[in-house]
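Take a look at the letters that make up each chain.
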Amino acid sequence: MNSGTRFFAFSAPARFYSLSGLLLPWLWLLTIGLAGAGLYIGFFLAPVDAVQGNSYRIIFVHVPLAWISMVMYLAMAFWAAIGWAFNARMASMLARAIAPTGALFTVLALWSGALWGKPTWGTWWVWDARLTSYLILLFLYLGYIALVEAIDDPKRADQAGALLAVVGAVNVPIIYYSVRWWNTLHQGATISVSGGIKMADTMLMALLLMTLACWAYAFAVVFMRARAIVIEREQHTAWVSALAQTGRGA
Amino acid sequence: MGGQWASAADFLFMGGYGLYVWGTFGVTLTLMVAEPLLARRRCRQALVDAARAEVWKDSTP
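Those protein sequence lines, which keep their order, are chains L and Z. If you count the first sequence from 1, position 189 lands on 191 in the working numbering, and the numbers rise without skipping. If you count the second sequence from 1, position 7 lands on 91 in the working numbering, and the numbers rise without skipping.
Certain hints may be false.
What the hints assert, rightly or not - Below, a list of computed lysine to any residue pairs in the SDA-like style, where the Cα atoms sit at most 20 Å apart:
1) L:K120 / Z:V111
2) L:K120 / Z:G99
3) L:K120 / L:H188
4) L:K157 / L:S13
5) L:K120 / Z:F109
6) L:K120 / Z:W106
7) L:K120 / Z:G110
8) L:K120 / Z:M98
9) L:K120 / Z:F97
10) L:K120 / Z:L103
11) L:K120 / Z:L96
12) L:K120 / L:V65
13) L:K120 / L:V109
14) L:K157 / L:N89
15) L:K120 / L:L187
16) L:K157 / L:H238
17) L:K120 / Z:G102
Claimed, not checked - Some chain Z residues judged to face chain L by a derived CB distance under 8 Å, without partners named:
18) M98
19) G99
20) G100
21) Y101
22) V111
23) T112
24) R124
25) R126
26) L131
27) A137
Source of the hints: derived by calculation from the structure; they are not laboratory data. Glycine is no exception: its CB is placed at the ideal position from the N, C-alpha and C atoms.
Just need the whole structure built from these sequences, with the hints factored in.
As structure tokens, then:
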């Protein structure tokens with residue numbers, strides 16, 4: 003059997019595989035620790051809201067997931083574009099790895115939003131600018147996944163996906179500014195640079211911890227999926243063969 | 085139950101919003117446990133497939 007250095011020395015996918023393998027346990031540890039602390043503060047220390055009662059606690063997943071799903075879309079479009087422009091395999095694989103987690107976060111933000119809307123607005127759903135543009139984000143994720151999976155040649159699939167992802171990125175600022183540009187049922191920003199923060203300290207702390215937990219989760223699960231994609235697509239290379247023979251890395 | 089909750093039932097009741105709050109956190113937790121498990125399975129399957137491809141390559145003249 004050949005030595006590890008020879009296999010891991012050169013190609014970007016191989017380097018990514020070994021580096022992400024080192025990071026994964028720490029990312030999962032971080033996810034569990036941050037989520038545990040965030041949930042404890044969110045449910046046991048943060049007081050009940052004067053207007054919304056305990057229904058406001060939905061914010062601790064709704065806002066992090068909605069926020070991260072939008073940033074993840076931009077990250078997906080960025081890596082897809084890099085992969086397309088510079089013919090960088092690893093960048094395209096990262097874009098593909100991000101899409102399902104972005105779609106999941108979007109579904110969960112819509113789900114938590116519906117369950118929050120019912121008791122506070124009296125409706126599960128309304129076709130206002132924020133909710134509608136955010137629903138389009140889900141369709142963009144699903145469209146990207148369907149497109150890259152439908153084309154057999156990985157390189158052409160990556161290129162087509164990149165085009166869709168980059169064009170769709172225009173929707174992200176529309177979602178963000180929708181609450182300002184149009185009169186929406188959805189409220190404006192609670193936390194902003196200009197307006198300061200309009201919530202209690204413990205509520206804010208829980209929200210920050212849950213946001214960091216969701217970030218750690220997103221990195222961890224995207225890395226896991228990217229590792230699977232690397233092995234699938236680099237099957238012909240010597241380092242993947244060696245890895246599969248020794249059974250390491252799962 | 086500590087803090088602001090009188091009992092476990094009080095905690096689950098969530099001031100009348102139990103269905104909405106636990107509906108949110110329950111589904112989120114379920115899917116966020118399922119996703120990494122699926123990703124791990126895909127990773128393992130990819131390694132198995134790669135090993136199988138290697139065996140096939142070795143046995144082909």
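A quick look at each hint next to the structure:
1. L:K120 / Z:V111: holds (17 Å)
2. L:K120 / Z:G99: Satisfied, since the Cα-Cα distance of roughly 15 Å is no more than 20 Å.
3. L:K120 / L:H188: Holds, at about 12 Å.
4. L:K157 / L:S13: holds (17 Å)
5. L:K120 / Z:F109: holds (16 Å)
6. L:K120 / Z:W106: holds (14 Å)
7. L:K120 / Z:G110: Roughly 17 Å separates the two Cα atoms, so the pair holds.
8. L:K120 / Z:M98: Distance ~15 Å between K120 (chain L) and M98 (chain Z) Cα, so the pair holds.
9. L:K120 / Z:F97: Distance of about 17 Å is within 20 Å: holds.
10. L:K120 / Z:L103: The given pair, whose Cα atoms are some 11 Å apart, holds under the 20 Å limit.
11. L:K120 / Z:L96: holds (19 Å)
12. L:K120 / L:V65: Holds, because 17 Å separates the two Cα atoms, which is no more than 20 Å.
13. L:K120 / L:V109: Answer holds: K120 (chain L) to V109 (chain L) is near 17 Å, not above 20 Å.
14. L:K157 / L:N89: Answer holds: K157 (chain L) to N89 (chain L) is near 9 Å, not above 20 Å.
15. L:K120 / L:L187: holds (12 Å)
16. L:K157 / L:H238: holds (16 Å)
17. L:K120 / Z:G102: Within the cut-off at roughly 13 Å; holds.
18. M98: holds (4 Å)
19. G99: holds (4 Å)
20. G100: Holds, because the Cβ-Cβ distance from G100 (chain Z) to chain L comes to roughly 7 Å (cut-off 8 Å).
21. Y101: Where the cut-off is 8 Å and the nearest Cβ of chain L is about 4 Å from Y101 (chain Z), the hint holds.
22. V111: holds (6 Å)
23. T112: Constraint on T112 (chain Z) satisfied, holds at 5 Å.
24. R124: Given a least distance of 6 Å, the restraint on R124 (chain Z) holds.
25. R126: Given a least distance of 4 Å, the restraint on R126 (chain Z) holds.
26. L131: holds (5 Å)
27. A137: Check passed: Cβ of A137 (chain Z) comes within 6 Å of chain L, closer than 8 Å.
Going through the hint list in order, the structure satisfies each hint without exception.
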